[in-house]
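Enquirer: Sequence:
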Amino acid sequence: MQAIDLLLQRRSAKVLTEPGPDEGALALLLESAARAPDHGRLRPWRFIVIRGAERERFGELMAEQLRRARPASTPETLARERQKAFRAPLIVAVAAVCDPKAKVPQVEQVLSAGSAAGYILLAARALGFNAVWKTGAAAYDETIKTALGLEGNDSIVAFVYVGTEAPGESAPPARTEWRDRVVVWGG
1 MQAIDLLLQR RSAKVLTEPG PDEGALALLL ESAARAPDHG RLRPWRFIVI RGAERERFGE
61 LMAEQLRRAR PASTPETLAR ERQKAFRAPL IVAVAAVCDP KAKVPQVEQV LSAGSAAGYI
121 LLAARALGFN AVWKTGAAAY DETIKTALGL EGNDSIVAFV YVGTEAPGES APPARTEWRD
181 RVVVWGG
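Under this note's numbering, the residue at position 44 of the sequence shown is numbered 44, and the numbers go up by one with no gaps.
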């Protein structure tokens, strides 16, 4: 697949199933992510890999977060929240671990982590998988950040869910109109 085709055909998956990336494919996903633009070579991204049985614990963390945020949540709502951890065989939590003392502004460090997440999406597609980028309230929860080994100043920029697209779920990429978002500056 040509790189331009990969970019033009990228779309978020609806349903992801097994098989997920094996160790070799996972290494390629993460190596690709580590090629993200990185002003100052700070490498502000961290990748937390969640798969297998660890998804159950991650689902519990997500349900606990929802229970704290909305104590009146029903058991059914909490069960749905737990199931989010099983959207795909592999979850890569992408975090920005910024250096506030660096000359590079923190926003650029966070953008670098966001680029790394995008590179995982593209690499997954190039390897025959698909992926979807999610955040939600769990990405902003201090308890979840701590459980994932992050500190208060760190930011989760994405939970990238990776797997094999379920049969019949593939759809052509939506045409994105970009012309109405472009201004040619004339000085």
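Don't read these hints as lab results, they were simulated from the structure. Where hints are given, some of them may not hold.
Here are the simulated lysine-lysine pairs, DSS-like style, with alpha carbons at most 27 Å apart [unchecked claim]:
hint, residue 1, residue 2
1, 134, 84
2, 14, 103
3, 14, 101
Simulated restraints, written as ranges between beta carbons of each label pair [to be verified]:
hint, residue 1, residue 2, range
4, 186, 37, 35 to 41 Å
5, 39, 71, 27 to 33 Å
6, 151, 180, 25 to 31 Å
7, 17, 175, 55 to 61 Å
8, 77, 178, 33 to 39 Å
9, 186, 73, 50 to 56 Å
10, 43, 127, 48 to 54 Å
Note that the structure is a prediction, hence the values are computed from the model and not measured. Idealized CB from N, CA, C, for every residue including glycine.
Enquirer: Give a verdict on every hint.
Expert: Status of the hints after comparison with the structure:
Of the supplied pair hints, the one linking residue 134 and residue 84 holds, its CA atoms being roughly 10 Å apart against a limit of 27 Å. Taken as a hint, the residue 14 and residue 103 pair is broken in the structure, with Cα atoms around 40 Å apart against an allowance of 27 Å. Distance restraint check for residue 14 and residue 101: the Cα-Cα separation of roughly 40 Å exceeds the 27 Å cut-off, and the hinted pair is therefore not satisfied. Hint check: residue 186 to residue 37, Cβ distance near 28 Å, so the stated range 35 to 41 Å is violated.
A hinted range of 27 to 33 Å is violated for the C-beta pair residue 39 and residue 71, which are about 42 Å apart. In this structure the hint that residue 151 and residue 180 lie 25 to 31 Å apart at CB is violated, the actual value being about 41 Å. For residue 17 paired with residue 175, a C-beta distance near 27 Å fails the hint of 55 to 61 Å. Range check, residue 77 to residue 178: Cβ separation about 38 Å, and the 33 to 39 Å hint holds.
The beta-carbon spacing between residue 186 and residue 73, approximately 53 Å, falls within the hinted interval of 50 to 56 Å. Between residue 43 and residue 127 the beta carbons are some 23 Å apart, a value that contradicts the proposed interval 48 to 54 Å.
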